[in-house]
Amino acid sequence: MGILSNQKDNQEKDAQTAAEPKAVLNEQQEIAANHEYGSAFISACPGSGKTRVVVERTARLIDKGHSPRNILCITFTNKAAAEMKERLRARLGDAVSDLYVSTFHSLSANILRRFGRSIGYVDGMTIMDSSDQEDVMSQTARQLGFDYKRGEIFGLCWIANTARERLLPIERFGEVHDDENKVRVAQEYVERIKKNNQVDFSGLLSETIRLLKKDTEVLQRLQDRFKFIQVDEAQDTNLAQFEMVNLLSVHKNVVMVGDVDQSIYGWRGARYDNINDFVKQNQAKVIEFPWNYRSTPEIVERAEQLIRWNDGRDKVQFKTVNASGAPIEYYEHDSSREEGSWVADKVYEVMMEHGYGPEDCAVLYRVNAHSQHIELGFRNLGMPVNMVGGQSFFDRAEIKDCFAMLKFYVNPRDGMALSRFINKPARSIGNVTLGKIENYAQENNVDMLEALRLAPQYLASVPKKEAVLASLKLIYETFSADYSQYNIGQMLYEFVTKLNYLDFLREKYADDFLERENYINELSKDAAVAGEASRKNTEGYLARQALTSSSDKETQQGRVTLMTMHAAKGLEFPVVIIPSMEDDILPHFRSKAERSVDEERRLCYVAMTRAKERLILSRCRNRQVRSGRNFMNKRTKPSQFLTEMGVLEEKA
938 MGILSNQKDN QEKDAQTAAE PKAVLNEQQE IAANHEYGSA FISACPGSGK TRVVVERTAR
998 LIDKGHSPRN ILCITFTNKA AAEMKERLRA RLGDAVSDLY VSTFHSLSAN ILRRFGRSIG
1058 YVDGMTIMDS SDQEDVMSQT ARQLGFDYKR GEIFGLCWIA NTARERLLPI ERFGEVHDDE
1118 NKVRVAQEYV ERIKKNNQVD FSGLLSETIR LLKKDTEVLQ RLQDRFKFIQ VDEAQDTNLA
1178 QFEMVNLLSV HKNVVMVGDV DQSIYGWRGA RYDNINDFVK QNQAKVIEFP WNYRSTPEIV
1238 ERAEQLIRWN DGRDKVQFKT VNASGAPIEY YEHDSSREEG SWVADKVYEV MMEHGYGPED
1298 CAVLYRVNAH SQHIELGFRN LGMPVNMVGG QSFFDRAEIK DCFAMLKFYV NPRDGMALSR
1358 FINKPARSIG NVTLGKIENY AQENNVDMLE ALRLAPQYLA SVPKKEAVLA SLKLIYETFS
1418 ADYSQYNIGQ MLYEFVTKLN YLDFLREKYA DDFLERENYI NELSKDAAVA GEASRKNTEG
1478 YLARQALTSS SDKETQQGRV TLMTMHAAKG LEFPVVIIPS MEDDILPHFR SKAERSVDEE
1538 RRLCYVAMTR AKERLILSRC RNRQVRSGRN FMNKRTKPSQ FLTEMGVLEE KA
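Residue numbers (the working numbering): 938 to 1589.
Fair warning: there could be bad hints in the mix.
Stated by the list, open to error - Taking CB as the label site, the calculated pair distances span:
{"#": "1", "residue 1": "Gly-1367", "residue 2": "Arg-1109", "range": "31 to 39 Å"}
{"#": "2", "residue 1": "Lys-1132", "residue 2": "Gln-1242", "range": "49 to 57 Å"}
{"#": "3", "residue 1": "Trp-1204", "residue 2": "Tyr-1395", "range": "45 to 53 Å"}
Derived from the structure by calculation, the hints contain no laboratory data.
Note that the Cβ used here is the ideal one computed from N, Cα and C, for glycine as well.
The whole structure should be built from the sequences, with the hints applied where relevant.
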């Protein structure tokens, strides 16, 4: 449904179809669920039922006569948004259809797609993922005469993202980095993607704020619609997201839900001070949720003992009503290889002795690099695992090539999309020739498709001229054809077929060509469900895929879950194993150098509180580290967190 849909409110009819009774809540939860007007902050410890309360409060607002259309619920993952909407559907019936539940990025994308013309965007705006961003940043640096390595390109993206998320105008990007050349590249990158009708994830936020501040009519329409706003995981909001809430909340009926102790994304711009600012600026009512309904007292006690070490956390109130369970277990091993085998054996032991299924068990580590021996241990045992954060279906080269074709169809100004597939198979169109096409498009203010059509007029002296022009003609005809009778999947397969892309795969990947072709078939099936192949419809399909983040993860039946601690945020498992609890790993050596051990402690706290019934910790006494081209064994020290939580005794 559109962000400013005019669909009538069927509230009375919907209330009659409600299928689920009101939730049974404790005293503090009841206060939060009944809060109607004014601002409030719900301070919710892990496992305190905050999502249930947000759902119940939303339902009660509607029960009190407020239109679902006037309620905005902001979550941090698409999966969380979908789950919230389903729970509301069970509680309210079809009244939920007018409720707007969204992530910040999805909300921004919808606003820009509908109203972006006022700041220069046109139909067909494409959303770039992080890989696209790095490609364009690399191209920008190269065309400005700089030769940056991959790690430096990531740093350039950080400059552009951080500056915009801090809402700095382009001329002030230098405030986040002191290298003038790198700042210049980041500035040029931001200007370039605007001209190309593209937007990246940080741009979704900053450009939406720019639009709302410039176009007061759009801002007022959104303010008039969203009279009640709820924001989950408030501790993870950055400055741009906080500003967006401030702009939209003219009615000041905002409820933020969060937990400062679970703020673990400071390294990517999250600012938990937003909570304090929100409370002070709005004189918000503070409602405490101190009861954990997820974990056993043994887990809660250790987690509370750990987080108490953080600055300002002397008076932590963190309790549970659950019955006593298994004690926390801790083990030490001689090497990471031994630890990896032990983790798999331990999971098998717990399953056999206590009746858990593989999907009930999760292994949470600080960095992905430590998953190697663990995954190998499960493989040697013959147990399948779900690797969250590994290469996903949508990260495969052939899938990204197909998305590039769809992006170019939707937005013919997207030169990076064209460059991704233009020489697959080889068509003698080198970087110089491609640069001439891009320059012609920019200098004459036409899109790349028109530049392809007019290529014979300005590509007079390129090598293999006839072959190049024939190839450009093929690409032009492919993307200018009428696909109105196709669905998106059928159109995609037309692109793949007409451009001879399968021939390219067959030649380059002979050993696994059939597997790659099958991936394309699966993508075509997925795209077909999205409907007709109009540009607007295809744009929406691409936006949905781009906005599906790594946080939208699933627990697979029959598989043990392996993931980083950061990726585990928002999940829970009956059994959690945390390996590699060593100094310089947890807390990480970089965090120690930057004096941000508090955030590492919060990360460990989050990982511990994912466990419902059993928490198992381990470390290695020796770990291999790189020394030049070789590896050497290094004696390790236990993580300080083991002492702080009371698992190990402090040495005199």
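Hint by hint, here is what the structure shows:
The supplied range of 31 to 39 Å is met by Gly-1367 and Arg-1109, whose beta-carbon atoms lie about 38 Å from each other. Look at Lys-1132 against Gln-1242: about 55 Å separates their beta carbons, and that is inside 49 to 57 Å. For the pair Trp-1204 and Tyr-1395, the supplied restraint of 45 to 53 Å holds, since their beta-carbon distance comes to about 47 Å.
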